[in-house]
Amino acid sequence: MTDERFDALLRQLDVSAAPDPAFTSSSLAALMPRVRAARVQDLSRLGRLRRDLRLAFGPASSRQFPRATTIARLAVLALVGLAAAIVIAGVLNRRGGSENGPLVVLAQGELRAIDVETGATRTILTLGEGAGHVSRSPDGRLIAYWKVDPGGDQLVFVGIDGLGERFVAQQQAMTWAGCVDNWSPDSRYLASEVKVDAVSRILIADSVTGTSRFVTPSGVVGHCPLWSPDGTSIAFAQEQPSGPGVLAIIGADGSDLHDVSGDIGGADVAGANSWSRDGIWIYFTSGGEIGSIWRVDVARRVSARLTTFKRFTTAVAASPDGSLISWIVDTPVGWDLYIANSDGTEPRLLLSNALSCGWSADGRYILARWTPRASGGLVVIPLDGSERRLVLPADRGGLDPDEICDAGWGQARP
Amino acid sequence: MTERAATADGVDELQIALSTDGAFESWYRRTLPRVYSYLLSRCGNDPALAEELAQQTFIAAIDRRSRFDGRSDTVTWLCGIARHKLADHFRAAEREERRRMRLEVRELRLSEDAVRGPDLDHRAAIEAAIRSLPAAQRAVLVFVVLDDLPVAEAARLMGKSAAATQSLLHRARDGFRRAYREDVADD
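Protein chains in written order, with the working numbering: chain A, 10 to 423; chain B, -14 to 172.
Warning: the hint list may mix true and false statements.
[Stated by the list, open to error] Among chain B residues calculated to face chain A with C-beta under 8 Å, some are:
# : residue
1 : I111
2 : E112
3 : F161
[Unchecked claim] Okay, the calculated bits of chain A under chain B, using three or more residues with CB under 8 Å as the criterion:
# : stretch
4 : 17 to 25
5 : 31 to 40
6 : 181 to 189
7 : 204 to 216
8 : 269 to 283
9 : 319 to 325
Hints listed in this document are in silico derivations from the structure and should not be mistaken for laboratory results.
Every residue gets a Cβ at the ideal spot worked out from N, C-alpha and C, and that includes glycine.
All chains, please: the whole structure from these sequences, using the hints.
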């Protein structure tokens, strides 16, 4: 059965139907008190003012009012950044050995640390059901994960040793929205896309104070945040009131929101994936039936499409030194993992039936979810041409079939 | 008509609907069937579930009336809210399935009154095939095929990455093909 035939079959379900008259009456009666309360509220002076403002400054103008930035906030941010840099330097000096640190994986409700060089695995913490979306800080000291709760998802930080679990204070009920969380380069802040009242916003959580705040203004719908290499800004895909989404950048303090994607021929930006270490390029993907890989020169706001595959192409990730990029291509039998030069030239197939989970910090490996017909699991693929290493088998490791890689290695993950 | 004027008209329509009990009842009776139809065909033809989600949709619409900007008509706006309610339902169902560690095949009964299609047996086979899929796969088919949303937008609604959603769509189509063939063969 072709996809067209399949879609036509499914669309036969789309027919009109009349609700039960008894339901119509009972639900109408149940709604009336709420309608009356709304009416009273709207007739108040405040309600009228709100409506007038909405009409005056609504979608026809679509203006953004960036939040004022206080000098004190910047000073505190600078001090915090300095302190964090000192801490990171200390940790890096102590760590020695592998630059990559442990690969943190969530499987069968357990947080596990895996040394990909030796294959040694240890259990960090048992989280049980309802935990997921793991990420690890670049300095290797902290892990973040989300816990599903009936009142809204809860963000949690915990040390790499499983100690010091800390629930982040959240002022509103929210749910994790599906994009991989991204750590600031100083390993202090975590940027997440969350849904509040069904609207996607970018949340910044502070692992030191355990507090959180929204960086995007309430009227801005944002997806898939990405920290700049200097930790001062966040790039994200911004939905537009009309027309396709754009790639936007906002200061970490919520100031200076602006579009950087430039002319991308009407493509819809799906998310910011990778920011080159020198700060020049952001690699991003466009959505739609045929997703593509792009990169933009941030300062010049000029974008270039890097892939021209006829198939859906997504999950771009730049190597830490900026010389290579990886992406995946949808094929009739699964995903193919490619690498190419950073400008998209010389693409070559790295592994079939594999979904990319990003680069190691030293740029020697790509982590992937390998999905051949039998076995498979999480693998590290050395870029030197040596044999890939299965670090967590899917069958014995208890990997979630619907999660590509619930794992953190301290790098931006596509 | 200018965009500002269209916006004002749309907002006024909602404002008028809320202005008196009679106006609300008239608006509700006009819009409910379309919202209900939208939901019923996307939730496995389960009238109770469609009613529950329709009720939630109107409650949310009243509570969030200040966010209606008039760029679309109110029914389109209501269906947008309904889609989010549907996504919440699928996510909850998916969580429940994972908890039980097995696929849940719901025994939903077709409402003869609700069906208006010309080929009931054929539609029943399609619905049975859909219902046999896990919640996440049902969701991706509803959003991508029935609602014609881009994969990225469906991914956002479902709280998954675009790549995971594309992969899920593959599995859903494969699963549907298998289930549909089996169902037709059984008949």
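Here's how the hints hold up against the structure:
1. I111: holds, 6 Å
2. E112: holds, 7 Å
3. F161: holds, 7 Å
4. 17 to 25: holds (count 8)
5. 31 to 40: Answer holds; 6 residues pass the 8 Å Cβ test.
6. 181 to 189: holds (count 6)
7. 204 to 216: Check passed, 4 qualifying residues.
8. 269 to 283: holds (count 3)
9. 319 to 325: It holds, with 3 qualifying residues against the three required.
Violated hints are absent here; each numbered hint is respected by the structure.
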